[in-house]
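Sequence order for the protein chains is C and Y. In short: position in the first sequence from 1, add 339, done, that's the working numbering. In short: position in the second sequence from 1, add 1, done, that's the working numbering.
Be a bit skeptical, because a hint or two may be false.
[Unchecked claim] Straight-line alpha carbon distances no greater than 25 Å define the calculated SDA-like cross-link-like pairs of lysine to any residue that follow: (1) Y:LYS55 to Y:ASP82; (2) C:LYS396 to Y:ASN92; (3) C:LYS409 to C:VAL358; (4) C:LYS396 to Y:GLN96; (5) C:LYS348 to Y:SER83; (6) C:LYS410 to Y:ASN46; (7) C:LYS348 to Y:PRO40; (8) C:LYS422 to C:THR442; (9) C:LYS396 to Y:ASP82; (10) C:LYS396 to Y:ASP28; (11) C:LYS410 to C:LYS353; (12) C:LYS348 to Y:LYS55; (13) Y:LYS55 to C:LYS353; (14) C:LYS396 to Y:THR81; (15) C:LYS353 to Y:GLY42; (16) C:LYS409 to C:SER346; (17) C:LYS348 to Y:ILE45; (18) C:LYS348 to Y:GLN43; (19) C:LYS396 to Y:LYS55; (20) C:LYS348 to Y:ASP82; (21) Y:LYS55 to Y:ASN92; (22) Y:LYS55 to C:GLY439; (23) C:LYS410 to Y:ASP82; (24) C:LYS348 to Y:SER27; (25) Y:LYS55 to C:PRO414; (26) C:LYS353 to C:GLY342; (27) Y:LYS55 to C:SER438; (28) C:LYS410 to C:ASP398; (29) C:LYS348 to Y:TRP41; (30) C:LYS348 to Y:LEU47.
[To be verified] Derived list of chain Y stretches under chain C, where covered just means 3 residues or more per stretch with a C-beta under 8 Å from a C-beta of chain C: (31) 32-44; (32) 101-110.
Simulated from the structure, these hints should not be mistaken for lab results. Note that the structure is predicted; figures quoted are calculated from it, not measured. Just so it is clear, CB atoms sit at the ideal spot from N, CA and C, and this is done for glycine as well.
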Amino acid sequence: DGGITQSPKYLFRKEGQNVTLSCEQNLNHDAMYWYRQDPGQGLRLIYYSQIVNDFQKGDIAEGYSVSREKKESFPLTVTSAQKNPTAFYLCASSYPGGSGGYTFGSGTRLTVV
Amino acid sequence: GIQVEQSPPDLILQEGANSTLRCNFSDSVNNLQWFHQNPWGQLINLFYIPSGTKQNGRLSATTVATERYSLLYISSSQTTDSGVYFCAVENNYGQNFVFGPGTRLSVLP
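Bound-form chain Y, shown alone (with noise of 0.2 Å):
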């Protein structure tokens, strides 16, 4: 089955700076979605982004199905930004999504 990679596992910011998260996957994806979850479990769609650019806020998100990998950029961050970042992909059979493993985020006040 498909393969979904996460870098980096682990980053640590203070508030303020900026971060790049990358996803990388190992076969053509019909959909792509980034995930946010709380450090209390919730998961929130941040983007649903199969191809191009989309932002909101201060978040963005742009993935080049081509050359298999999206990326989550987040600036200014804030404390609230904390938590882990999932990127998960749907196959061309179009039955589910696979989860990557996650980036943990932490921003320091």
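Next comes chain C alone, as it looks inside the complex (with noise of 0.2 Å):
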């Protein structure tokens, strides 16, 4: 079944630690997307891409960084400098522009301690 995998459910982190979270997609969809979401709030975008080789920063890019090698996979690296950086984060897909609208994952819980 095609569908958007995100891994790992839950993970913790250290306080100065670089840690990176799994986006990986099989429904051929050109454009993915990453979301950062805190208790009891909506959705903020973090980075998006497009297309390979290409992404843009979203409304909460710094201490974040992306890539985008191939197309089924769009990882996100929580770097130190992120403040504040214990978060739900959901990744989604869609075709170009978002046509047909969204398809996420079931996310990544980051929790510093």
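Relying on the hints, combine the two individually framed chains into one complex.
Quick look at the structure:
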């Protein structure tokens, strides 16, 4: 079955460490997105990519980095520069320009300890 | 950028009741989606509805793009309908969707 997979589901990080969240899709979607969700809040866009080897900053890109070397994969690195990284991270994919709507992964809960 | 508002912010229903959730947006949009986030955090796409009306079982949605709003109707609510409902809109630049703050629905048995 086609879908979008995020791993791990839960991640604990010590302050000062970089961590990478995985997002893989087999839906043949060109576009992929990373959102952050804080408790009781909506989703805020971190980065998005409409095509391989290209990506754009979203509203809250500071302290994060991404790569898009393959169509299927869009990993997100939370760097030590991100001052408040504890959050729920959601990855999504779609056809170009969001056509047909988004499909979301099940998310990764990151906690800084 | 485009602003998205949702109302009400919280809603408590008795099982079997009907409800209407509203999404207002500040500018012309290319596309609009409604999502349900379950208690485990999974976001499920309910409707992709840039305009018009769609129905899926007990749920239906209507978007009136010229008046900049969309409505989500839930009929005969069930406890499994509990969670947060998000509206997301894509502006005319077509780069990504902007999410509203959500409506938190609790359906009591």
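Tested hints:
| no. | hint | result |
| --- | --- | --- |
| 1 | Y:LYS55 to Y:ASP82 | 18 Å, holds |
| 2 | C:LYS396 to Y:ASN92 | 16 Å, holds |
| 3 | C:LYS409 to C:VAL358 | 20 Å, holds |
| 4 | C:LYS396 to Y:GLN96 | 11 Å, holds |
| 5 | C:LYS348 to Y:SER83 | 22 Å, holds |
| 6 | C:LYS410 to Y:ASN46 | 22 Å, holds |
| 7 | C:LYS348 to Y:PRO40 | 15 Å, holds |
| 8 | C:LYS422 to C:THR442 | 29 Å, violated |
| 9 | C:LYS396 to Y:ASP82 | 34 Å, violated |
| 10 | C:LYS396 to Y:ASP28 | 22 Å, holds |
| 11 | C:LYS410 to C:LYS353 | 31 Å, violated |
| 12 | C:LYS348 to Y:LYS55 | 33 Å, violated |
| 13 | Y:LYS55 to C:LYS353 | 47 Å, violated |
| 14 | C:LYS396 to Y:THR81 | 36 Å, violated |
| 15 | C:LYS353 to Y:GLY42 | 24 Å, holds |
| 16 | C:LYS409 to C:SER346 | 17 Å, holds |
| 17 | C:LYS348 to Y:ILE45 | 17 Å, holds |
| 18 | C:LYS348 to Y:GLN43 | 11 Å, holds |
| 19 | C:LYS396 to Y:LYS55 | 33 Å, violated |
| 20 | C:LYS348 to Y:ASP82 | 23 Å, holds |
| 21 | Y:LYS55 to Y:ASN92 | 21 Å, holds |
| 22 | Y:LYS55 to C:GLY439 | 14 Å, holds |
| 23 | C:LYS410 to Y:ASP82 | 34 Å, violated |
| 24 | C:LYS348 to Y:SER27 | 35 Å, violated |
| 25 | Y:LYS55 to C:PRO414 | 35 Å, violated |
| 26 | C:LYS353 to C:GLY342 | 31 Å, violated |
| 27 | Y:LYS55 to C:SER438 | 17 Å, holds |
| 28 | C:LYS410 to C:ASP398 | 23 Å, holds |
| 29 | C:LYS348 to Y:TRP41 | 11 Å, holds |
| 30 | C:LYS348 to Y:LEU47 | 23 Å, holds |
| 31 | 32-44 | holds (count 7) |
| 32 | 101-110 | holds (count 3) |
Of the numbered hints given earlier, the model fails hints 8, 9, 11, 12, 13, 14, 19, 23, 24, 25, 26; all others are met.
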